[in-house]
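Those protein sequences? They're chains A and B, same order as listed. In this text, residue positions in the first sequence follow this note's numbering: the first is 30, and each later residue adds one. In this text, residue positions in the second sequence follow this note's numbering: the first is 84, and each later residue adds one.
To be clear, the hints were calculated from the coordinates, so they are not data collected in a lab. There's no promise every hint is true.
Selected chain A positions facing chain B (Cβ under 7 Å, derived; list incomplete) [stated by the list, open to error]:
| no. | residue |
| --- | --- |
| 1 | Gly50 |
| 2 | Pro61 |
| 3 | Glu122 |
| 4 | Ile125 |
| 5 | Val151 |
| 6 | Leu261 |
| 7 | Val274 |
| 8 | Val294 |
| 9 | Met302 |
Listed next, the stretches of chain A that the computed footprint assigns to chain B, with coverage defined by at least 3 CB atoms under 8 Å from CB atoms of chain B [stated by the list, open to error]:
| no. | segment |
| --- | --- |
| 10 | 64–76 |
| 11 | 137–150 |
| 12 | 282–291 |
Computed from a predicted model, the values in this text were never measured in an experiment. From the three backbone atoms N, C-alpha and C, an ideal C-beta is built for every residue, glycine too.
Listed here are the chains, written in short residue letters.
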Amino acid sequence: MSGARASWPPNWTPWLLALPGTALFAALVLLPLALTFALSFHVYDPATGVQDQVTLAHYIAVVTDDYFLTIFWRTLRLAALTTLICAVIGAPEAYILSRMRQPWRAIFLLAIIGPLLVSVVVRTFGWSMLLGPAGLINDAFRFFGIGTVRLLYTETAIVIGLVHVMLPFMVIPVWTSLQKLDPMVEAAAWTLGASRFTALRRVVMPQVTMGLLSGSLVVFGLSASAFAMPALLGGRRLKVAATVVYDQYMNELNWPLGAAIAIIVLVVNLIIMLAYHRAVETRARRTLG
Amino acid sequence: MSAMQSNGPVAVVFHTLVVVFMLAPLVVICLVAFTPANTLTLPTTQLSLRWFAAVFDHPDFVASFVNSLWVAAISATIAVALAVSAGLALDRYEFYGRGALNALFLSPLMIPHLVLGVALLRMFALIGATGSFVWLSLGHIVVVTPYVLRLVLSAFSGLDRSVEQAAVTLGASRWTVFRRITVPMILPGITGGWLLAFINSFDELTMSIFVTSPATVTLPVRMYMYATESIDPMMAAVSALMIALTAAAMLLLDRIFGLDKILVGEG
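Could you build the full structure based on these sequences and the hints that come with them?
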């Protein structure tokens, strides 16, 4: 039973055990992705649909057409802004959480991470109620004499919604890296005469950097491919990459063009995820070494 | 933990604002759901259940809710079976391609659901399977299996193998050992994984929106379509029901596996 070693003759048991899952994932992940990749090179004719000829036209259209470039630029800008805000809010919050006593720590960790499990449609709907012209935030603005501010269907609304969805993904890795920091080390720095700021900068920050980096990569990747928040809080006019893919598939019916944009979104995401794994591995090696 | 300094007043204010920010949309939904008015307003004088009643006057919402429950239950169950079986292979054996298999099973966590959705739509269209309940469920299985697998693998790694070896020494067959020793010992991982898979499937929007048909529309997709056209307090009532269901599942998860362990996991 100890057999954790590749041996000859090969042991078929693991393959048999993994076979059902492997077959399903090959059929429903690898094959559809390959088909979509192939689809993105097919000619599309509005009258007759997808043709057999191969073309690069969709990729060329996507990287030269101002309409798409504006949308890609907006997608990246909103994702970057979301990442920055999440880092600025999430890292201090994780630090504050880690300094709390039980049971408050567990309760507030749940309050901040729990919304992760609530459907994104529900959360989007909550924000559209808060941000709308008759919503609570505008009520407050009017109360303070600021007047009604247009929030819903703006980029601001999209960023607020995205930050709400992404914040747990930033708090979690920073929290995890803080768990590995012995609070005594920070206290020792104070005893040795370091100011609180110096202790934060020289003791806590180096520990948090990796968590912050991996959190940022995850938040950026998820924000750049988010669908529901931009679709419902950005309205019909403010498109991002994900909503354009939806339009091409469901409204314009130009599947090959939609496939090309989807492949670009996928490649960008995979590059980010590879960077993430590289970051995590480096951290692991440093802790071991 | 006397060395742990308590948070200063600035930190407490900051923390309060973050918690308010995270909970505000959910709290507002739950309050508005009880409004007696026809518009999305907070109930001021009295509470009313009329919008909860209104949900049940919409047969399409009820049908979608039932669809979602079925899809979530079926996909969570099959995902557990696949994950336990694959988890055994990944945990107990060293074989050629093990790393690749692991990456394959976890890949849905790295592929945006949008991309999975359009990819499945293309394949379902080619084989003429669009709008089928079975294929929708298969799509959900793929999406939720990684979550189960991670919990199952962590349950396997925390398992004391000597108990299994003792059973083998005492003459138990491999199947008996698996059934009577291994499964009971990883049961928290299995039930926690099932619940997590159920919640994730029940909430899934972005992939489902591409592969549902009018007959198989799940609740989040129905809500999304409804929200793009009109917004009335009934949406708040449906959302409040979903929040309640999620909260119940969350409490259960916490009891079984420890929510912090599942969500924070291996960072």
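Comparing the hints with the structure gives:
{"no.": "1", "hint": "Gly50", "result": "4 Å, holds"}
{"no.": "2", "hint": "Pro61", "result": "4 Å, holds"}
{"no.": "3", "hint": "Glu122", "result": "5 Å, holds"}
{"no.": "4", "hint": "Ile125", "result": "5 Å, holds"}
{"no.": "5", "hint": "Val151", "result": "4 Å, holds"}
{"no.": "6", "hint": "Leu261", "result": "6 Å, holds"}
{"no.": "7", "hint": "Val274", "result": "6 Å, holds"}
{"no.": "8", "hint": "Val294", "result": "6 Å, holds"}
{"no.": "9", "hint": "Met302", "result": "4 Å, holds"}
{"no.": "10", "hint": "64–76", "result": "holds (count 3)"}
{"no.": "11", "hint": "137–150", "result": "holds (count 14)"}
{"no.": "12", "hint": "282–291", "result": "holds (count 4)"}
In this structure, none of the earlier numbered hints is contradicted; all agree with it.
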